[in-house]
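Novice: Next come the chains, spelled out residue by residue.
There are 2 protein chains.
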Amino acid sequence: MTYCVGLKIDRGLVFMSDTRTNAGIDSISTFRKMHVWEEPGERVIVLMSAGNLATTQSVISMLDERTKAVSERAPTLLEMPSMYQTARLVGGVVKDVIANSAPVGQKADSYFNASFILGGQIKGTEPRLFMIYPEGNFIESSDDTPFFQVGETKYGKPIIVRTYDKAMSFAETVKLLLVSFDSTLKSNLSVGLPLDLLFYQKDAFKVGMKKRIAQDDPYYRTISDGWSNALKQAFKALPDFPES
Amino acid sequence: MTYCVGLKIDRGLVFMSDTRTNAGIDSISTFRKMHVWEEPGERVIVLMSAGNLATTQSVISMLDERTKAVSERAPTLLEMPSMYQTARLVGGVVKDVIANSAPVGQKADSYFNASFILGGQIKGTEPRLFMIYPEGNFIESSDDTPFFQVGETKYGKPIIVRTYDKAMSFAETVKLLLVSFDSTLKSNLSVGLPLDLLFYQKDAFKVGMKKRIAQDDPYYRTISDGWSNALKQAFKALPDFPES
Chain A
0 MTYCVGLKID RGLVFMSDTR TNAGIDSIST FRKMHVWEEP GERVIVLMSA
50 GNLATTQSVI SMLDERTKAV SERAPTLLEM PSMYQTARLV GGVVKDVIAN
100 SAPVGQKADS YFNASFILGG QIKGTEPRLF MIYPEGNFIE SSDDTPFFQV
150 GETKYGKPII VRTYDKAMSF AETVKLLLVS FDSTLKSNLS VGLPLDLLFY
200 QKDAFKVGMK KRIAQDDPYY RTISDGWSNA LKQAFKALPD FPES
Chain B
0 MTYCVGLKID RGLVFMSDTR TNAGIDSIST FRKMHVWEEP GERVIVLMSA
50 GNLATTQSVI SMLDERTKAV SERAPTLLEM PSMYQTARLV GGVVKDVIAN
100 SAPVGQKADS YFNASFILGG QIKGTEPRLF MIYPEGNFIE SSDDTPFFQV
150 GETKYGKPII VRTYDKAMSF AETVKLLLVS FDSTLKSNLS VGLPLDLLFY
200 QKDAFKVGMK KRIAQDDPYY RTISDGWSNA LKQAFKALPD FPES
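Chains as they are written, first to last, in numbering that gives the first Met the number 0: chain A, 0 to 243; chain B, 0 to 243.
Keep in mind the hints are simulated off the structure, nothing from the lab. Any given hint could be a false lead.
Copies of one chain are not kept apart here, so a pair can be met inside one copy or by any two copies together.
[Unchecked claim] Straight-line C-alpha distance at most 30 Å; calculated DSBU-like pairs for lysine-lysine:
1) 201 - 235
2) 205 - 185
3) 235 - 209
4) 94 - 231
5) 67 - 185
6) 165 - 94
Model, not experiment: these values are computed from the prediction.
Chain A extracted, bound-state conformation (with noise of 0.2 Å):
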C-alpha cells in the first residue's frame, strides 16, 4: 500500500506521501511517488499516486512523454490551459493505462487499479486540488473537503479531520501531516519511510519547498516521540470514567 496527502489551505497546497510499495509482505521496496512538473514562473504541477506500480510508473512515463526520444519530449501536460484540462489528461492517460493492462477490458476493480491526487497552479488561475480514480473520472476539493487522502487513508484521518485550518501556515500543515503519517507508520507495516514532503506557495509557480524525510531526520524525530508524549498527557488529563 501507499499513503499520500494533498492538502489545500490558503497559503498554498501542501503535498506529502511515503516510498514503500510492495508486492507481498517479502517483496518490499522504495519509490518515488512524488512526481513534479515545473515551469517556473509559469506553472506547477504535482502528481502522487497510490496503486499498482506497473500502472502508476506507466502513466508518469506517458505524461513525461517517454515514448519519444529525449530531444522531441515536450510533455502536453505543460501546454494544457487550466488544471482543469490537466486533470482530465491525466484522467484520460489513467484510463488508458489501466485498460490496456486488463486482459478484457477495464474492470473497476481491477488488480491494475491506480488513483492519484493532483495539485498545483497555472498562472492566472487559482490553485487546485483533484482526486483522479481508476476510472479516469476525478473530484475536486472545496471548502468542505480541503484535502484529498490515497493509499490507507484510515489511522491519519482523524487527527486531520480534528486539527485542519485553512488559515494554517506551511510549518504548521507539515507539522500536522507528519503526525498523520507517523501514525500510520506506527499501525501498517504497508507504509513506510523515508517520506517525500513538497510545499507550493499560491502565486510563486515555482516549488517551494521539496524534502525527503528520512527515519534519522531531527525534525521527524522531535515529532514522533513529541506526538506519542503529548498524546499520553492528553490521555492523562482527561477524567477516568466514573465507575460508580
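Starting from the known structure of chain A, arrange chain B on it as the hints suggest.
Specialist: Just chain B now, with coordinates in the frame of chain A:
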C-alpha cells in the same frame, strides 16, 4: 460496518461495541452486537460480532439454542470445560452458519462473512480473549497483542497502540476505548452510537458493569469534547516545521 474492541488488562477484560448496522447507506439500523452469557459464580462469556447481520444473529441464536423450546434450552456454551473449548464451539457454529448461507460451499471472501471477539472466564481458569474468523478458526490474545478489534479497526488503532498499558484500571481502559471509538465515529458513518460497554473483573465470575452509552451520556460528551481540545493543545505544543 461495525467497530468492536476486546481488551485484556491485568484486572480483567473490557469490551466495547457500537450498534450500527447498514445494508447500504440508506438502510441503517441499531442492533446490539455484544452478547453475554453468565452463570454467576461459575462463568462469564462475552461475544461481540462484526459482519453480515443475518450470520451473526444466526450464530447467537444457535448458541442460545433457540431452535429448541424455551423450556428445553440449556446452552452447551455454558457447559464447556474451558474457554478454549468455548472458542472451538463458537468457531464451529460460525463455520456451519456461513457454509449454510453460501450457495456452493464456503468461500473465504463470502458476503455472509462475520468475525467475532470472544472473552470470558470459567472457574478454575484464567480470563481469556479470542478472535474468531469466518472460517471458524481463531487466535488468542497474548502479552504482545492484548487486544482485538473487528470491523472498522483502523481509525481507532493508533491511540490503543500508543496508550495501552496492562496495568491500567477499568476506569482508564474505558477512557481509552471511548477515545478510540470517538475517533472512529468522527471518521466513518458506518459506525454509530449508542455504544455498549462491559467490564469483567478477573475472578469475579459475574459481569462487573454493563452499560449503554448514548449520545447524551455526560462522560462520553466530556471525553469527546475534551479529547478534541486536548489533541489541539497537544498539537499546538509541538514545534512547527523549521522552514529554513
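Novice: Are the hints correct? Go through all of them and say.
Specialist: So, going through the hints one by one against the coordinates:
no., hint, result
1, 201 - 235, "between (40 Å within a copy, 24 Å between copies)"
2, 205 - 185, "neither (33 Å within a copy, 36 Å between copies)"
3, 235 - 209, "between (37 Å within a copy, 24 Å between copies)"
4, 94 - 231, "neither (45 Å within a copy, 41 Å between copies)"
5, 67 - 185, "neither (42 Å within a copy, 49 Å between copies)"
6, 165 - 94, "neither (32 Å within a copy, 50 Å between copies)"
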